[in-house]
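Each chain, written out:
Number of protein chains: 8
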Amino acid sequence: MKQKLLQLFKDLEQGTISIEKAIDHLKYLPYEDFGHIKFDFHRELRTGIGEIIYGKDKTIEMLIKIINSLKQKEKNICITKLPKTKAKKLLKIFNEGYYNELAKVFLLYKNKPKSNKQKKIPIITAGSSDIYVAEEAKEILNFLGSKCIFIYDVGVAGLHRILSYKKIIEKSKVLIVVAGMDGVLPSIIGGIFGKPIIAVPTSVGYGANFKGLSALLTMLNSCAPGVCVVNIDNGFGAAYIAHMLNK
Amino acid sequence: MKQKLLQLFKDLEQGTISIEKAIDHLKYLPYEDFGHIKFDFHRELRTGIGEIIYGKDKTIEMLIKIINSLKQKEKNICITKLPKTKAKKLLKIFNEGYYNELAKVFLLYKNKPKSNKQKKIPIITAGSSDIYVAEEAKEILNFLGSKCIFIYDVGVAGLHRILSYKKIIEKSKVLIVVAGMDGVLPSIIGGIFGKPIIAVPTSVGYGANFKGLSALLTMLNSCAPGVCVVNIDNGFGAAYIAHMLNK
Amino acid sequence: MKQKLLQLFKDLEQGTISIEKAIDHLKYLPYEDFGHIKFDFHRELRTGIGEIIYGKDKTIEMLIKIINSLKQKEKNICITKLPKTKAKKLLKIFNEGYYNELAKVFLLYKNKPKSNKQKKIPIITAGSSDIYVAEEAKEILNFLGSKCIFIYDVGVAGLHRILSYKKIIEKSKVLIVVAGMDGVLPSIIGGIFGKPIIAVPTSVGYGANFKGLSALLTMLNSCAPGVCVVNIDNGFGAAYIAHMLNK
Amino acid sequence: MKQKLLQLFKDLEQGTISIEKAIDHLKYLPYEDFGHIKFDFHRELRTGIGEIIYGKDKTIEMLIKIINSLKQKEKNICITKLPKTKAKKLLKIFNEGYYNELAKVFLLYKNKPKSNKQKKIPIITAGSSDIYVAEEAKEILNFLGSKCIFIYDVGVAGLHRILSYKKIIEKSKVLIVVAGMDGVLPSIIGGIFGKPIIAVPTSVGYGANFKGLSALLTMLNSCAPGVCVVNIDNGFGAAYIAHMLNK
Amino acid sequence: MKQKLLQLFKDLEQGTISIEKAIDHLKYLPYEDFGHIKFDFHRELRTGIGEIIYGKDKTIEMLIKIINSLKQKEKNICITKLPKTKAKKLLKIFNEGYYNELAKVFLLYKNKPKSNKQKKIPIITAGSSDIYVAEEAKEILNFLGSKCIFIYDVGVAGLHRILSYKKIIEKSKVLIVVAGMDGVLPSIIGGIFGKPIIAVPTSVGYGANFKGLSALLTMLNSCAPGVCVVNIDNGFGAAYIAHMLNK
Amino acid sequence: MKQKLLQLFKDLEQGTISIEKAIDHLKYLPYEDFGHIKFDFHRELRTGIGEIIYGKDKTIEMLIKIINSLKQKEKNICITKLPKTKAKKLLKIFNEGYYNELAKVFLLYKNKPKSNKQKKIPIITAGSSDIYVAEEAKEILNFLGSKCIFIYDVGVAGLHRILSYKKIIEKSKVLIVVAGMDGVLPSIIGGIFGKPIIAVPTSVGYGANFKGLSALLTMLNSCAPGVCVVNIDNGFGAAYIAHMLNK
Amino acid sequence: MKQKLLQLFKDLEQGTISIEKAIDHLKYLPYEDFGHIKFDFHRELRTGIGEIIYGKDKTIEMLIKIINSLKQKEKNICITKLPKTKAKKLLKIFNEGYYNELAKVFLLYKNKPKSNKQKKIPIITAGSSDIYVAEEAKEILNFLGSKCIFIYDVGVAGLHRILSYKKIIEKSKVLIVVAGMDGVLPSIIGGIFGKPIIAVPTSVGYGANFKGLSALLTMLNSCAPGVCVVNIDNGFGAAYIAHMLNK
Amino acid sequence: MKQKLLQLFKDLEQGTISIEKAIDHLKYLPYEDFGHIKFDFHRELRTGIGEIIYGKDKTIEMLIKIINSLKQKEKNICITKLPKTKAKKLLKIFNEGYYNELAKVFLLYKNKPKSNKQKKIPIITAGSSDIYVAEEAKEILNFLGSKCIFIYDVGVAGLHRILSYKKIIEKSKVLIVVAGMDGVLPSIIGGIFGKPIIAVPTSVGYGANFKGLSALLTMLNSCAPGVCVVNIDNGFGAAYIAHMLNK
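Residue numbers (my numbering), protein chains in the order written: chain A, 1 to 247; chain B, 1 to 247; chain C, 1 to 247; chain D, 1 to 247; chain E, 1 to 247; chain F, 1 to 247; chain G, 1 to 247; chain H, 1 to 247.
One chain only, chain A, in its complex shape (with noise of 0.2 Å):
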């Protein structure tokens, strides 16, 4: 972009372009050579870290695209939600690839990411069958360099387990608890310690759980205050946002 303005610039200053053409020439430039407007919040990622692809929806054709692009750009890649069955297929091409079933993440690395030095994010979660969520969680920490503790299965029947824990949890900067069924962990967590919880509906459960509705439910109306939620089942969007306020 700079070469373009600053060539633009020359031009005007040697008379080769007038005024006013320069005037149009910027008027469209940013818009239709550079994407000058700012909606680029990957903007940190592609510098240098890498690529997270959402893999639910796509097919194996689109994958294999995607990845054979990202790959020549030397990008770490992680695809998310991503099927068993798609994710078999993805490892007979790409053999240096790694798929965490539980997590139902794929992830290439070109160079692992140094994990900084910010405070490890404590991940618990009610129930050890909320560990899907909690895995997918975990990895997208560790792809976009932070590290997470791992605080299983601290439900109602539990919650003892968490006190062992203290220490870590009162030195993190921010929580994520996985929760599915009645969904009421963030809300007891958020009682005992005060710290800042994202909060992560799960869809286990069955019956009038409606796949998550409910857990999602008990979370919103929450009444610890310092609770706030994302989607059901989105460990990777409690990942990102706990990274970022982690920093």
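Quick caveat, the hints were computed from the structure, so don't treat them as lab data. All figures in this text were calculated on a predicted structure; none of them were measured in a lab. Backbone N, C-alpha and C fix where the C-beta goes; we use that ideal spot for every residue, glycine too.
Quick list of simulated restraints, FRET-style, between CB atoms:
| no. | chain 1 | residue 1 | chain 2 | residue 2 | range |
| --- | --- | --- | --- | --- | --- |
| 1 | H | E74 | B | K247 | 45 to 51 Å |
| 2 | F | D11 | A | N100 | 54 to 60 Å |
| 3 | G | K167 | A | E96 | 38 to 44 Å |
| 4 | G | T59 | A | T85 | 24 to 30 Å |
| 5 | C | K166 | B | N95 | 44 to 50 Å |
| 6 | A | Y98 | G | K167 | 41 to 47 Å |
| 7 | H | K88 | D | G145 | 52 to 58 Å |
| 8 | G | K167 | A | D11 | 22 to 28 Å |
| 9 | C | D11 | H | Q7 | 16 to 22 Å |
| 10 | D | K65 | B | I60 | 31 to 37 Å |
| 11 | H | P113 | A | Q118 | 27 to 33 Å |
| 12 | A | Q14 | G | K247 | 46 to 52 Å |
We have chain A already, so just place chains B, C, D, E, F, G and H on it with the hints.
Only chains B, C, D, E, F, G and H this time, still in chain A's reference frame:
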């Protein structure tokens, strides 16, 4: 009924009716005269205790007719979900009545029920805003002859308050737990005390609370076993079943 | 707090209270003064009875780990909502286990629980299609040490069948009533017998049944008092609370 | 088509068919060959009976215009779901009118319809709170020339009352059954009498009743065959179809 | 029953039992032995016609038991909503049976029901995709002894087709109208013919159709009077009530 | 803008700023001073036509401030969904304004827009109760400079009325079709005329209409192609897009 | 009516009108006076273009019959929402056909439609996962004789990409904008370009997306005027109306 | 446990640990070994800052009692969601209080909180109608001691306005973004600035907005990472967590 049957048999013995005729009589007797079918669950109440009437959608004329009819039968009267404006009109006519405005319950006692010697039933609420449902439960329990004890405002922010009531709770047979918003209190209480809980979701809250739906779903999906649920704001229903279970 | 503790220790040092007494004080102190809470409602189960694990969303690896760990502790094991394919894998490894396919319950008994001398709990279903939930309830009751009696298929078309069980029902303390589709059975049974009912909506049905929502709402809005409700298809929850109330 | 018509006209010119016959042919031609459809289902009503107007969302000005226009045509007029405030205004202008406040129906009879000699249609309600819908049904039945009989307040707690009406019901061709809250009455009545039932859910209730949704779903999922359903609170619709079926 | 009662009365006449004892017997007789309570709407079907069983959620074992039991009683058998895989298994065992795959209905006729001399019931569908529900309705009508006539695929794009059936429709007493997607057909047919309509919403469609909810709501809110509604995809229910009304 | 850029280039030519500096200026200029990003869809309206403001949730103070600011700019003003009470207050202050009470639209014309020479846009409503949405559409069309023609009350019972408007409709480019309750009108009109339809569901109705949801779903699932949908009661949106398409 | 027809026939007999004229009168008479309506909106398609069939819920037998019948009439054939397994079977029988697997559209062209000289219709998608809906729209546009241009993957993260298509978009008459998940793209595009938008929500996403409901509601509530909406995943509907509007 | 305590006491008696040390051990013992938990997340607020009370569903009597009690403790008081009528009554009694009518927040400051030296938190709203939620957020931030900056009315039509605040935003740590209707603003802002966003859906809108549900779902499904969500209209919750994260 016995009289009718005895007469029938005597007629049969005396030959004043034929066997065939007697069979016909018998076939229809219970239906036509006695409602022999046991669809009469108010049995208990009618035998000296009183009638509980749902008042929300009844006209004032209906209510006056019902009260007059029950007064003649010397019964205690209890009207639930009665709007204030209707209550005021009833109180002008039946000045021996009493209206609990929070509970929206109208009461007219012929004979105050003697409270039985059963254990007190704890009514525990998450927030002070849930008191109107708790008050309804209290009035119904009293009307049925049960005693209760109030443990208010022990939601996520005030859970420690419940511990001063620890002994009473541990001695009780069944708990009524009332909560709006995220509705997590029954899950928590269920975790602490291992007592059977009648959970009452309330419509306290706003937004994604959807008039109590959030609390209702939380309770139905509770991870703590021993929790069962009644309708949103249904203090009456909770009190009724708690009274049955407390006996 | 510090003052209280200091005093206690001084008393201890000065011999004004015994070590035993001090321990007792300490055991209750935190509860009463500090809001320290024992979140351990599995207390009962752990002391000799067994563990109940929700199996639907757990991986086979998690389940194997849990079973092995509990077996070492000589505990009875019960896994609910376990899909058939997972059950088959578990049975290959733990051939002393047993899988009730209808109930989707996996059981591994170290010592068959002695059924207590309590009254039998009737499990009443509307249609024969509701049997899978009833079977789950039965297995849980047995696991906890309660006895039950089956009264099947007494929906609108077969209500007369219930009357042959009239005596058993009238002697019981609490009923489990299971119904899908319109979910009217608890209202009807509630009308006939005046017993407290744990109502279990099932997902049996189609169309505007919305996977059990219809039956759930019917039960929550039941005109018969004495009805409380657990989650759709939650035979476990109904059995658990019925067992608590039956004692 | 042109060919057909040309032939018809030629036949007419040549006298091979009469004008009367040609008209008959023409009357049916378009229907059979061209998909010309007569969208005029008020045919019946217009020929001497009257007009039924939905009043809830119409302005008072619209209503006055409609009434004046129909009065000129010497028709009976029936306005449903008319709020009380609007009704009062109409009564000031049309003092020969009549307003059933419970039913929210405004009526203006030019000639009282002679009730036909058909069987009476029973209108059965679960609770006295459902009376407003029953009253609407009654007014519509009368307006259309059908007679009805009221059987009120026979919900779960009062089912025995229905048995005194046993003979009338068994003689009838079709039943209107009105119920709010859990909406179980049509299932029960359907089970007892084996008569076709027009079920009307009402918005009577609160909480998880969701303004009649609960009763609506119960009725749609009724296990008793012979039940069909109209909109929540739609006494008009139930009466209209019952009248059609009763003929 | 008569025999039992005659015996009782004879014993009474002969003095072999006391009046007191006879009363006792009578009080319990109907309940215990006869299901005297008139909750037996299958009365009609049982007297020579046959049994209709809901097959979707029953196990193959249950179905075999039911069929064998009914075969012994020389009854016709009809199983609805039966998945193809279960049907195949049944057909292997009961090769005299017949399975309508579109309708998902399994039939086993001992004696083909003689179709009554009633008018034919038109089954009208909006699209050819709705045929599976229409087929279910057809099989049920035949099973019950009613005749029907198919008028298929007359939705918004093919309404003219209905006119060739004009005479049949105008002679009929009641129509079954089946539609998915927008569900507008009953409103339109209701407008044209002024016949009572049993409307059946189907789950045909996608997206905001929400598995038939869209069509269901359209029909419940139909502006054409004379429309009542059964459950989504409930061809059985529509046929059953139409058969009742057609008599 | 041009002035700013010209100045910049002149400075550049005169050497008063460096090329580097100019680039920097250019990079930020459009963002900071001109909102150069083309997020300005009111472009058209602002150039002489006027502003359309959503009034429902604004305070009276906000509205007064907005009106005063626009009046200074000599603009026409249009406020939609304005409650009557707020309108009254505005009319006291801005007595040159006009309020269409049915439409809930407040208008203040500096210069009446000349209606363009485009074809008239038919606004067709199912019932006279839908008029308030039609009136809103009309006011917006007029405000934007389009003409419309009203075709009212042509729902299922009055479809024949539409035919007198046949010629106008067939000449038009796009139709606005407004319907509440079952919302079938767009499907029917779509079937007759093959014109593109902007369908507007209204909240007219009750019960299972769920405040317009029923009509909305019907329209989204319309079997007639050529139907697209705007928000419930959104006469504004329909008029706006129809105006765009009519040009 | 009879009078009118008699007069017409008399005029015909008396030679005051010609047979041709009489036919004309008759052709319009029923429309104007009797509400006879031609429900045949496929008029256009049938006259030489082809038939579009909804394939999702049709059996393979139905589809074969339909195709054979249309082939005989020398028509082009288009089947939408056709599952892959059915498509494979059709291709074996009709090997001149073509199946777009992404679009789930089956095509059988007798004569490729000449694309008209209208402007190209841009199909803009938020993510590459939305391509299957875009492909359906493309096939339909081609089938109807419209050309389109693809602008893919310009969601929140790639908005700058749209600007390279700025000229094409500004020259177009109407846009198809496809988006899943949050469904914000139509609002943003609506803000930038001020063109009428047919918005298509897709079911791409998970959790609180509720199979496209989220995107649907976003689009219906769009703050950008000029947005109208079709059913979730309804690429066909969007293409059809866009084609109509593009002419 | 007993063993551990006995040992501790013995150590104490034997002087091997000091009383101070023993207290420390005891303070942590219950946490680590017994699952004793301190449910007191208001810790912070109570220590000098003030109390935030949810006012919507509390009676005026409750509120007066709470205020008096807190005034005695010299605390600042903040009551949210307080209806105007209740606020007026409180102001008569506590004339040192202040009521922000837009925000529905009642404040009574003993000592104005000193705003901390943290960065200002931008509160960005889509439309001026969303101001009431923004005002609530502002009052809570001030109450907690944070400063904020308002960026109003930057919805789809006014996005350019945000760019004048570009520097402030880029310097901030966390954003509060408030939007009703389609709720797209957080997605757009998330795309431009790459800052963590607390998104607040509002109930501003009508029709298919379903009282904020539309905006809520949009935000939960946001394609822009870095967005988390609080309850509809929950300005308090957003402010609280933003304050925590800003520190």
